[in-house]
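Protein chains: 2
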Amino acid sequence: MTADRHPDPAFWAGKRVVVTGGAGFLGSGLCHALGALGARVTAIDALLPGMGGRRANLEGSGAELVVADLREADLAPVLAGADIVFNMAAQISHAGSMADPFSDLAINATAQLRLIAALREAAPGAVVVHASTRQFYGRAQRLPVDEAHPVVPPDFNGVSKFAGEQYWMVEHRVHGRPVVSLRLTNCYGPRLRIADARQMFLGIWIRRVLEGEPFELWGGEQMRDLAYLDDVVSAFLLAAETPGCAGRVFNLGGDAPLALRRLAEMLVAANGGQGRFVVREFPPERRAIDIGSYAADDTAFRAATGWAPRVPLPEGLARTLAFFRPRLTPFLQDAA
Amino acid sequence: MTADRHPDPAFWAGKRVVVTGGAGFLGSGLCHALGALGARVTAIDALLPGMGGRRANLEGSGAELVVADLREADLAPVLAGADIVFNMAAQISHAGSMADPFSDLAINATAQLRLIAALREAAPGAVVVHASTRQFYGRAQRLPVDEAHPVVPPDFNGVSKFAGEQYWMVEHRVHGRPVVSLRLTNCYGPRLRIADARQMFLGIWIRRVLEGEPFELWGGEQMRDLAYLDDVVSAFLLAAETPGCAGRVFNLGGDAPLALRRLAEMLVAANGGQGRFVVREFPPERRAIDIGSYAADDTAFRAATGWAPRVPLPEGLARTLAFFRPRLTPFLQDAA
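Going down the list, the protein sequences come from chains A and B. The opening residue of the first sequence carries number 1 in our numbering; numbering runs sequentially from there. The opening residue of the second sequence carries number 1 in our numbering; numbering runs sequentially from there.
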């Protein structure tokens, strides 16, 4: 596969695409890219408070928004005739899963079974690209982490997200549906939820920096490999375009791993040196579910698709701050 | 640890023990053993049709039966003061999970979260021994299968059972509860469900042999390592007695692996040569979820507890047939 491959507009023109969680951070990013590529896009989103879904995220994308909850909506009419489904809807807050594991399971597993059943009826041949997570590997037993790393969920969210992914893989193995699962590392960029740290810790950092307030760095020595929105979107598009991906799970990383203390410094630098942070001990309830350092081994996905990340961290942070600077207030309010 | 260790009556005398799924095959076997060891035993069972739970299974055990469904009952009063919980309640039919994955998930995962929450309230220090399964390893990538084997569920049941086990392991890691999970191979013996093959294929074989009818052998070359009830019960008791087991998952095997064709011949021999079987191709819907050959590597559990299986297959089959021969009719009716 050619290295540094781009999504192919000829593949996407006229394709009927459904994006679950389509008004959220990654989902809306996909909708914008798909619109630009000429696809006909329907976003499904429940616009649940605190989950990152916002109507405004889809403005200018050309996507149709269907407000529906995968846990209870009649999904078949929305899915009818879909060629490709990007399955981005999820409860992804780790702390949230510990506080309410029932909703976490209902969204990440039970609702996935509903979607699987509806797709059998409405779009039996549709390709599914599922948004999965590195979370269920737990504390890395070796770095970088490849797909054969043991699954040792550190929290209830890791359990439910693994179950949801594996339901899709069973659907592939038993019923032959083309399914690809991408196990994401921390993703950031425009339309990230920044009201709080529910989507990722960088969200609240960005908010604090733009508000001129100090942000909190918990620990600081743990390593992470952040992926910029545009690179993640390209990965999902290429996964759908590449028949050889069907039936496989892939790790997806980003730029080179770095310590969070260095990331904090880079964020301040990307804000023109304006901003500061204070280093804190982990709160005990977060320490209990923290995974320590992580870095993805995504060589399998690169080899299968020709994908490579293009946006270095300093540039991605600068672009993200530039996006939010004039839009801070609306992003601090919940979905509407 | 001493090899060939026995459960210690001094440990069990007066212990307050709760057995979920306590009127089922393995659950009732535990209740009988616990009663003999002097424990005070409460069995919780929903007596759901087709699941193997029968009031009559507990006759003579001394256990109190609480008819309750883990998906909806108020569990805290039943669990109050428990020292040890044997968590045997599950939906275990592979084909059943494909036909109704929602019930399968509700019983094997959502209900486990309810049990976890109720135990925090009612018995914060209770030891939990969880009945897990080799099923989620899927088709063995190497034999025998140890606990580091990848998790590749072949069916929806494998997904839900892994989720349920991992919820318990997270509860251990985050909240410190002593939890042991035993990943069982095919188990057989008195009180196995024999009306059909829902609990295991050997159930319907036993029924047919005792009815004087031929039974069906699907395939025949695939290998299995069957575990006799008494050995499985000893394993659960020793797991609870052994503090070093807390926080660990263990495979549990049985007698030496053999091809199912050989097992079929042994069953007929154990019935005094009375009985016959016909070899059939797998039905397509079963072929799609079949795991092929399996044999457990249970050296970790043997090393941790001193457990070893004692009942060879010919003896176990003879004992099982002797149990069912005078009781065939009641075991063909559903729970009551």
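Read the hints as simulated data drawn from the structure, not as lab findings. Fair warning: this is a prediction, and the values are worked out from it, not measured in the lab. Please note that a few of the clues may not be correct.
Here are some chain A residues pointing at chain B (derived, C-beta under 10 Å) [as the list claims (entries may be wrong)]: (1) Leu37; (2) Val66; (3) Pro101; (4) Leu113; (5) Val152; (6) Pro153; (7) Phe156; (8) Gly158; (9) Met169.
Residues from chain A that keep clear of chain B, each with C-beta distances beyond 10 Å, as calculated [claimed, not checked]: (10) Thr42; (11) Ala163; (12) Arg208; (13) Leu210; (14) Asp230; (15) Pro283; (16) Ala295; (17) Arg325.
Sample of chain A residues lacking proximity to chain B, with all beta carbon distances greater than 12 Å (derived) [stated by the list, open to error]: (18) Pro7; (19) Pro154; (20) Arg173.
Just so it is clear, CB atoms sit at the ideal spot from N, CA and C, and this is done for glycine as well.
Evaluation of the provided hints:
1. Leu37: Result: violated, 34 Å to nearest chain B Cβ.
2. Val66: violated (23 Å)
3. Pro101: holds (5 Å)
4. Leu113: holds (5 Å)
5. Val152: holds (8 Å)
6. Pro153: holds (5 Å)
7. Phe156: holds (6 Å)
8. Gly158: Where the cut-off is 10 Å and the nearest Cβ of chain B is about 8 Å from glycine 158 (chain A), the hint holds.
9. Met169: holds (8 Å)
10. Thr42: Given a closest Cβ separation of 25 Å, the condition holds.
11. Ala163: violated (4 Å)
12. Arg208: Label holds. Min Cβ-Cβ 28 Å, cutoff 10 Å.
13. Leu210: holds (34 Å)
14. Asp230: holds (32 Å)
15. Pro283: Proline 283 (chain A) clear of chain B: closest Cβ-Cβ about 13 Å, beyond 10 Å.
16. Ala295: holds (21 Å)
17. Arg325: holds (38 Å)
18. Pro7: With a cut-off of 12 Å, proline 7 (chain A) remains clear of chain B, as the shortest Cβ separation is near 30 Å.
19. Pro154: violated (7 Å)
20. Arg173: Violated, since 7 Å does not exceed 12 Å.
Hint compliance for this structure: hints 1, 2, 11, 19 and 20 are broken, all remaining hints hold.
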